[in-house]
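**Student:** Bring the two chains, given one by one in their own frames, into a single complex with the hints.
Going down the list, the sequences are from chains H and U. For the first sequence, this note's numbering begins at 1 and goes up steadily by one. For the second sequence, this note's numbering begins at 1 and goes up steadily by one.
Just so you know, not all the hints are guaranteed correct.
As the list claims (entries may be wrong) - Dumping the calculated DSBU-like pairs for lysine-lysine here, alpha-carbon to alpha-carbon at most 30 Å:
no. : chain 1 : residue 1 : chain 2 : residue 2
1   : U       : 109       : H       : 138
2   : H       : 81        : U       : 496
3   : U       : 486       : H       : 249
4   : U       : 300       : H       : 566
5   : H       : 123       : U       : 105
6   : H       : 38        : U       : 275
7   : H       : 426       : U       : 634
8   : H       : 668       : U       : 603
9   : H       : 509       : U       : 603
10  : H       : 82        : U       : 471
11  : U       : 629       : H       : 481
12  : H       : 356       : U       : 71
13  : H       : 362       : U       : 603
14  : H       : 605       : U       : 519
15  : H       : 296       : U       : 300
16  : H       : 426       : U       : 112
17  : U       : 300       : H       : 509
18  : U       : 476       : H       : 81
19  : U       : 112       : H       : 296
20  : H       : 123       : H       : 29
21  : H       : 614       : U       : 486
22  : U       : 624       : H       : 605
23  : U       : 634       : H       : 138
24  : U       : 433       : U       : 275
25  : U       : 535       : H       : 660
26  : H       : 81        : U       : 498
27  : H       : 566       : U       : 112
28  : U       : 634       : H       : 566
29  : H       : 345       : H       : 81
30  : U       : 634       : H       : 660
31  : H       : 497       : U       : 476
32  : H       : 481       : U       : 535
33  : H       : 82        : U       : 496
Hints in this document: simulated from the structure, not taken from any laboratory.
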Amino acid sequence: MMHLNKWFLGFVFLISFVNLNSQNLELGKVSVAELQEKMHSIDTSAVAAVLSNKAKTSFKYNEKSGFSIHTEFQIRIKIYKKEGLSWANFEVPYYVGYENSIDDSVRFSDAVTYNLENGVVVKTKLNSEGSFMTNANKYWNVASITLPNVKVGSVIEFRYILKSDNIVKFPHFNFQYEIPVNYAEYGTEIPGFFVYKAIVNGFLQAKTEQRVSSGTLHYANKNDFTRSDSVNFKQLISTYSASNIPALKYEPYVDNLENYRFSIQHELEKTQFYQEQVKDYATTWEGVAKTIFENKDFGKELEQGVYFLDDLKIILKKEESTTVTELEKLLIIFKFVQQKMNWNKENSYYTDKGVKEAYANKIGNSAEINFILINMLKIAGINANPVLVSTKDHGIPVYPNHTVFNYVIAAANIGGKQILLDATSKFTAPDVLPLNALNWRGRLIRKDGTSDEINLVPEIPSKKNYTLLIAVDANGKIDGKFRVQNTNSEALIFREKFSGVNKESYLEKLENDLNGIEISDHAIENENMDLSKPVTEIFTFATTNHCEIIAGKMFINPMLFFALSKNPFVRENRQMPLYFGYARQNKYNISVEIPAGYVVESLPKVMRISTAGKEATFNINTLNVGNKIQFVISEEINGAIFYAEFYGELKEFYQKIIEKQNEKIVLKRI
Amino acid sequence: MKITSLFLLFFTTVAFTVHAQKNEYQSLNISDSLTENANAVVRLNQIDIVISSQRSMNIKTKRVVTVLNEKGINAIDAIESYDKRRTVKAIEAIIYDALGNEIKKIKRKDFKDQSASGGSTIFSDGRYIYMEYTPTQYPFTVVYESEIETSNTAFIPTWSILSDFYVSIEKSVLNVNFPATLGFKKKEFNFSNFKIKKDTDTATQLSYSVATVLAQKFEDFTPVSKVFPKVMMGLESFNLEGVDGTAKNWKEYGKWFSENILMGTAILNEETKVKIKSLVGIETDPIKKARIVYQYMQEKSRYVSVQVGIGGFKPMLASDVDRLGYGDCKALSNYTRALLDVVGVPSYYTELFGDQDIRNIEADFFSIQGNHVILCVPNGEDTVFLECTSQDDPFGYQANFTDDRDVVVMKPEGGEIIHTKTYHNKDNAQISKGNYAIDANGNFSGKITIVSEGSQYARKAAIENMQPTAKEAHYKGYWSTINNLKIEKTTFSNDKEKVRFTENGIINAINYGTISGSKMMFAINAFNQFTGSVKRIRNRKNPFEIQRGFIDTDEIEVALPAGFAVEFIPSDFESTTKFGEYKSEIVKKDGATLIYKRTLFIKKGVYSNKEYDEYRLFMEQISKIDNAKIILTKNQ
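Chain U on its own, in the form it takes in the complex (with noise of 0.2 Å):
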């Protein structure tokens, strides 16, 4: 017996050493274009997908990748995630130095395993493993294989050929094969730039493949959702978290979730009822009702995020949420559903993709889609979406998370793609009104009303209930031209009805005006200098995005130290662009007052690689112009 194993032990090792070297995944080979801007290489990506019915998917992945220096590792992704309904099958990893010999394997004991709660989630029943390597060498190269098996067959992984900036594609391959019945279907997006080869395209076969995809840079604003290439996939016929279903399109969907997913969860006890029934008393607007029944939401429940099983997809039960005050997006919106539907207001559970980043649930193209829930009250012609997992969002409000997107809303006879609220360029404002005074130290002292309305709404919001000490910090980033601020007093109002915020504040600062031998210096525009830069790129690649404009006007009056007059003031300024109008202008009131105004007015929009220079300097110049001084010189 012993013996045995020993000889087998010899034999492998020699097989082993035998086979050991890979000409193949040498990594001196590779060409320049490749590892130019290049951490890693991913020589190879390989996805198989077989889709053996409603109920069974298996995804074998084999990647290659190259790692170039330190700065690649993230390329290997060797993670996978499990949980009852996935399974890791198989998963290992071979290491091989420059010249291609083998240098160590990673058998699947030695992956690391790891719980998928921990940040926001209290608890998810799902888990990683993943592989955790030093590297001994640059360069070095990992052969990594895994094998899932699932009945999940709801998310077919979307086939992202780039995954991340600075890593080149020397090969991708996606195959997936599936019975002709499920009713598979596919997307492709953003191929124009890429030589992507569809090499196969059947009723049950589908495969493309792509060479040398060079790699990209990180270009600030850069729209990846509209530049990275992807197929998106799903079936007709699916199977999600045990539950069978079938959907052609969004409509059809939407009754099949509201059906099957749905139904049930939205029943609430007698004494709620009643409850909510006396608080919205004789109201018959089902608008201002729908104000009535956010509000005691909010007060009422927190965001938890506990996920297990369905749990993941399917909302907790509305009593249990009403039971115990919390419960994530999926639950605290379908508890608002619940709630509403008591008072005779119609509401819809709404999935959709929650990101600063805009990004549209597919509108011709169903599949499993979305990361987030909301809840959709109709109001006329017009909808109202609820963010059910905010205690402080006013009624409506979407900016900066929700708005300006294609989201699926599941009505009971059928889903329906609307287009969530747009926060238009003008409606993202912000008015200031003050006033300043410099003495004859140059000491400042002033005043101010800032009203901040749109998506700057939500920017201002959170500094009334932030420490003493961050709000300090707050202003004085926002004033970071004012050097020695002091804050004497801030106070504040939010008006969420109208959904406005205003700030006064009462500051002063030594020595804002610089004084050498008889003459006083100083920036006219204390309050709002735009202070951001745009980033020089050399030869930009890709196009930028603005996704939000905004409005800024000021007016502030400027009341000059007594024995001084002007010597210097900057001259009026007016700019238009394709992205905006810029605008300041200094009026003389009398002797010693001076009245500032000015205007930033930036546009939303989408521009070509060749505009961003042209931005750039738009931006630089407003900068330059924000800090012009004024020079004071002392009446003798």
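So that you can see chain H by itself, here it is in the shape it has in the complex (with noise of 0.2 Å):
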């Protein structure tokens, strides 16, 4: 909430009547063109396309609540194909959860179907018994319509309103949606005394034209409510538009598809009141560090130190002897925290109840539970410091503003090196993060308001190193050892889908995903011993389903059921970056003996493909002696993420590679 108050005193005088430039955005002129058609003209699979989707966000002021911001959207869409019906469903979700503001309201409004029938338009209104109003829960309203009469052919339009008080930030503007937009318009109004930044997300440009010019907010009078009294002010009208947006379509390998939505959104930059000091909000990282440690839910309660004393003494105890290293009591302190407290899945880089009240009730959010190792390490002499972190579902934090991150883990400092920490998962250790939190970067802050950007995707690549020692016999059967050590980011994921899980589901699974392999003496070495090392799974299995005789030949893929079949990229062409969390290396120690009667009659070649920068390799090695012939193959993807320029060289290397995993070890008789 944020008011006139002095502002006002001093533009009193300037009162005067000046009319709204309000801008003639034409609903209801749908033409028998637009009715007519039959597809998109472009994008001819389109089931449906935004024909025009036009807002404006300007300024209201009330001498109660003071300065709101309305957004006013009309969108017309055309319905091409039946799968395109659910477009005429619409949900516009609005915030209620506010703790000292007014709700977020939303009202629809002028929402027709028009239709043709033996060549005339004709036009269904929505009435109230086709719009909704839904408590969806605490914090969310949705507002949704349905429209009547909307069949294969029919263009709908409506008009609603976004009303907030939360003026930090503007509703998101989308200029793409997943079916094709023909036309997207946005326009602020900001008022000389407020800057936003505008931040335009996607591959695509807006055709951008700005003005000054002057404007008028009214408000009732305080002494005669007949009377309304208005104030004139400088201020700064922009537009955004473009043309003929494609839709937006999934594509294997994304983070999070919303990266890459053409959108705009706007943040609060700074105010500038009449006689009063410019207020920054969040420039620089500087000032969203500051911001964000001057909030009572971050600052302070990175300070408290006393609730966990005892314990920690406890904790540190055992190891009083003068060889604990640094290092040392990080680890005793991260387990012990992340053995304690459990996570209740709340992302958020403030604290909710505190930590003295998390502590207590061993349940807490990501801020309350990163803030207790925070503290527990700072009190037993480590140097640590919270790091923002955007999840993967949150987005890219590309511009420095505090709404860009959702969540915070901590980084300690042990000899000069930034060790990252996670205590929210109790399979995370000391620089294996959760995979949610694999995204690009996060920014560490101090309470001096200093910050560095820290590069959360791992430098260590996380490897799964197999081990089989497999023998044929001679009628195909292949009997074997399976071993496979798991190390950091896929030690973890291992452990998380391990963990509770149906020990004979699982097998009878894993059975069915190696090809229906049987397995016997399943076993796991370290499964929660310690998180730190890697996890070893081991069993041993019998297969019919992996060596084809054929003409009194053996085939025999050596890599079993590990070859690739598919290639995981299908298209042409890519616009997004490839997304893979974390650089990963598996390695492959096959060594086959061969039935007695059988020799080799050819194997696959020794090979080494790599991509031209070594992004992506694969090595495959071979060595026949007598009746044992030994594999050591390797696959490394040497990075987290790619940029798009890449895509067609990588999707040539899973070609390569592909066809190279499908040969074959052949055996004939002596």
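**Tutor:** See the structure below:
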């Protein structure tokens, strides 16, 4: 909530009556041509299209509640196919969970369906029976409409106004939808005492026009309710527009599709009221760090220390000898917090109930749990700081502001090296973060307002080291021993998957996933004794599905059930970066014993394949001595994220390794 | 004042501590048999239902669940729904640690409240109240208690002893009290393998109890409704969303429903009547008329679900559907009924369980059942059923959602149980005809026509309207054994009259044949390999069911590359089992052409747990033979 207050006193003499420059955005002018159109002119597969989507955000002022923003949307949609009929139901969620501010509100109006009947345009208006408001939960309401009489060929349009007292952020405006958009336009009218940063997202460019004009705000006179006062000021009028925006489509290996949606958002940067100092909201990382630190649910919570002292003494007592290193202390504290605390699945960088209560209840959000960790590390003499993170689901933190982040982890500095820690998961380890946190870069912030960019992507690749000893009998049955060691992120994934699972059902699924092998003597080493060390899965197996006997010859794929059969990359080209999350190395040591009476006729050839910059590599080495064949195969992805330009090369790489991986050992009778 | 309240607070705290430890809820003394295969153990599930009158029912639940690990959290099931006619009078939970010490009390205000709208339902006045709890240790025990008061006596909850897999039951109790005058009745299902005790069964009381039900492992193809025990209950005199009703059987229910719920909902305005009459014109055959009306309805309307009050049970007025062009299954079926009535074709509102899993309305036991509505159109001795929520289904198509089950048809003279269309094994056919050629480099180019009918029609008809990327993904999945697949062209024809979907495809792929030295090798069955697998299940306990049979036939001409001789051809194969038949053969047409023929026929049926391995091996063998390779040698 923001009041005019002093500002108002200074400008009161400027009162005059100037007409608001209201724009005429035309709804209601649907053409016969639009109704006759059978398919979208560019994307013929489109089930529906947004013919136009116009919105405008402007400010209102009220004596009691201060400034608010009103965003008016006007949307026109054409339905081409039956599958597109769902676009005639439209939902707008809005926030009602403010602590000291009025709920947002949404009001639909002018919702109409247009059909062409015997060459005549027929209008059907939406009335109240097709308009709904749902109180979804404590924080969100949903306003929804379902338009009447919608068929294939219909054009629908509607208007809605979203009002909010929260002026820190404007509603997102999406230029791009899951269906094509013919024309989109977003306008803002921002009074001169506010400065917003406009952030455009996606791969397309919006045409931008800006001009300064005079604006007026009207509000009720304090003393005489029949009169209304108004105030004049300079305002910045901006218009962002774009035409023929293709539909947004999912591609594999994308971190979060929303990162690439063509959209625009506005963040409050500063306010500059008359006779007041400029108030900086967030223009630099320092500004962000400062604002966040100043919040009581952040800075103060990081100063707490007494509540766990007794526990800390006990856990460090055992190691009271002088030889205990900082790193050892860190491991003890991390393990303690990880085991004691239970994450309520809430992402936040602010505490909710506070660290003390969270500690007592053993339950907390991401801030509470990792602040407890930081508090303990600091008391134990280890330099530790919070690192703001945007989770993968939340998007990429590109510009400095405080809404780009939604999560916080800890960084401990030991011997000049930062170790990243997140105690919310039961299976993480130092420098092994939950996958959802492996999202580009985080921001380490300190009390003094300084901050550093932190690379969240692990430096060390995660490994899967396989060792297989297999023997083939004269009937083509294969018996073998399997061992796989998972490190770092791979260990985390394995432990999460394996935890609490019904063992028999797990094995039944695993047997099926590995092309119907039969597993016995299954065991796990270091399931959760020491999470910073690898976890190993071991079993014995037998299979009759991995050797083909054709015309007296045996054909065996040395990679058995590991061979890739399908290229994950299908499309010709790509705009979105390729997200792998973490660098990885798979290594296979496979030893094959061939049956008596057979000799090797041919083996897959030794080969090294890699992309030009060694971003991805594949090697296979073979050695045949007597009745034993030894394979050493390695696959590496040496990075977490690759630019879209790399797509063609990676796709080709996969094609090559698929061919290679499907080459077989051929055995013939002596 | 202040002192008093402080004192009270202190007092209650003390009282609390004294009673906080509950030995019976210790997690440590659970027997090993109950923890085997279990993520949670239901220590006690006691449901007390008191029906005090036709318009008043009270349901008290006490559920004590020991959660052994994080996968067992769902078994707590601390959730209640409510609406205008159903109130949650009390709800709370207490959490105990493994030793039975109380660790947390969750009061009503700490439960979360959420709307039932969402998904395909755009609006519902129903809401949920549920517990959200972050466990701090395992095992822990939740004692959950709730009390519901409702006037909807038409819906007495079914007593389901086993609610899920991997959950065992230490004790489960049901007590029902009812006035002798309301015509209470019940039906027991699948009791035979469980030691369920009927403690009371009088004119006003029914109670059951069962102890030690072991956790069930999930096993593929288990017909749950034929295995898990349950008791369904109903009243002859009930209240449904504010309307009193009386029915002893389906016949009476149908009559009551027609007179009290459907009456007056199927009126259309003159304009619509004129329009539909002119569309039908001079057609006299009732089924042909119905086809015209069905198509009109499909083009005019769309599925939108809005559920308010009795609207959850009573269809929206036909005149409103006509005006708005949308509705849910009830509204659209009833609207179609109104349209058919205008052109003199009788049709009947029909309630059923709509699901891919076949589930009957219990013919010999009346209670309010079902989750879906379709429309029944008599056709002489036969009947046609119309799915009115689809804009695409052919007239009378039912496979995979409403087929082969008992449904209740609401005729004005009385309800009638009718069995819907069964898609017999051989009706569900896929016929593939085509050819492919392999060149000297192993490259593949082929042409194929696939015709799908019966239950296989539905799975294919959707392809036509897929987005290009989804279509490509479908074919890359369908022909997953052709590496480097490139789809040159696809065309489709959808004969809704005959319910037959035809795909024509031209495809190619480099390196389909693997060349090593002077030899080339490839799988002759390129177009239709069975790649699915049937899991090996250790000590299967439950029977398994194949709900719909099918038959696939393939005839493919294969042109071999010039300059190669055939070194090896897989031998012909035939296998007949109780589950079906499989046959593959290769005929040499001439020196450079082979004809590959294949038939896979699977029968529907319910089989015992013992027969599962036999089925698995049959399918595994098919998968191997489908992948059999041919070897060619280059002429020197």
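**Student:** Straight-line Cα separation of residue 535/U and residue 660/H no greater than 30 Å?
**Tutor:** With Cα atoms ~29 Å apart, residue 535/U and residue 660/H stay inside 30 Å; holds.
**Student:** Are the Cα atoms of residue 296/H and residue 300/U separated by 30 Å or less?
**Tutor:** violated, 58 Å
**Student:** Next pair to validate is residue 82/H with residue 496/U; report whether the Cα-Cα distance is within 30 Å.
**Tutor:** Given that 30 Å is the threshold and the Cα spacing comes to 16 Å, the pair holds.
**Student:** Quickly compare the C-alpha distance for residue 38/H and residue 275/U to 30 Å and report which way the hint goes.
**Tutor:** holds, 25 Å
**Student:** With a cut-off of 30 Å on the C-alpha distance, tell me whether residue 433/U and residue 275/U pass.
**Tutor:** violated, 45 Å
**Student:** Between residue 476/U and residue 81/H, does the CA-CA distance stay at or below 30 Å?
**Tutor:** holds, 25 Å
**Student:** Hinted pair, alpha-carbon criterion (30 Å max): residue 668/H, residue 603/U. Please report holds or violated.
**Tutor:** violated, 41 Å
**Student:** What's the verdict on residue 634/U and residue 138/H, does the C-alpha distance respect the 30 Å limit or exceed it?
**Tutor:** violated, 74 Å
**Student:** Is the hinted pair residue 81/H and residue 498/U satisfied, with a Cα-Cα distance of at most 30 Å?
**Tutor:** Holds, at roughly 23 Å.
**Student:** Check the hint pairing residue 509/H with residue 603/U against an upper bound of 30 Å on the C-alpha distance.
**Tutor:** The given pair, whose Cα atoms are some 25 Å apart, holds under the 30 Å limit.
**Student:** Take a quick look at whether residue 426/H and residue 634/U sit within 30 Å of each other, Cα to Cα.
**Tutor:** violated, 60 Å
**Student:** CA of residue 123/H to CA of residue 29/H, is that 30 Å or under?
**Tutor:** Distance of about 11 Å is within 30 Å: holds.
The structure fails to meet hints 4, 5, 7, 8, 13, 15, 17, 23, 24, 27 and 29 from the earlier list, while all remaining hints are met.
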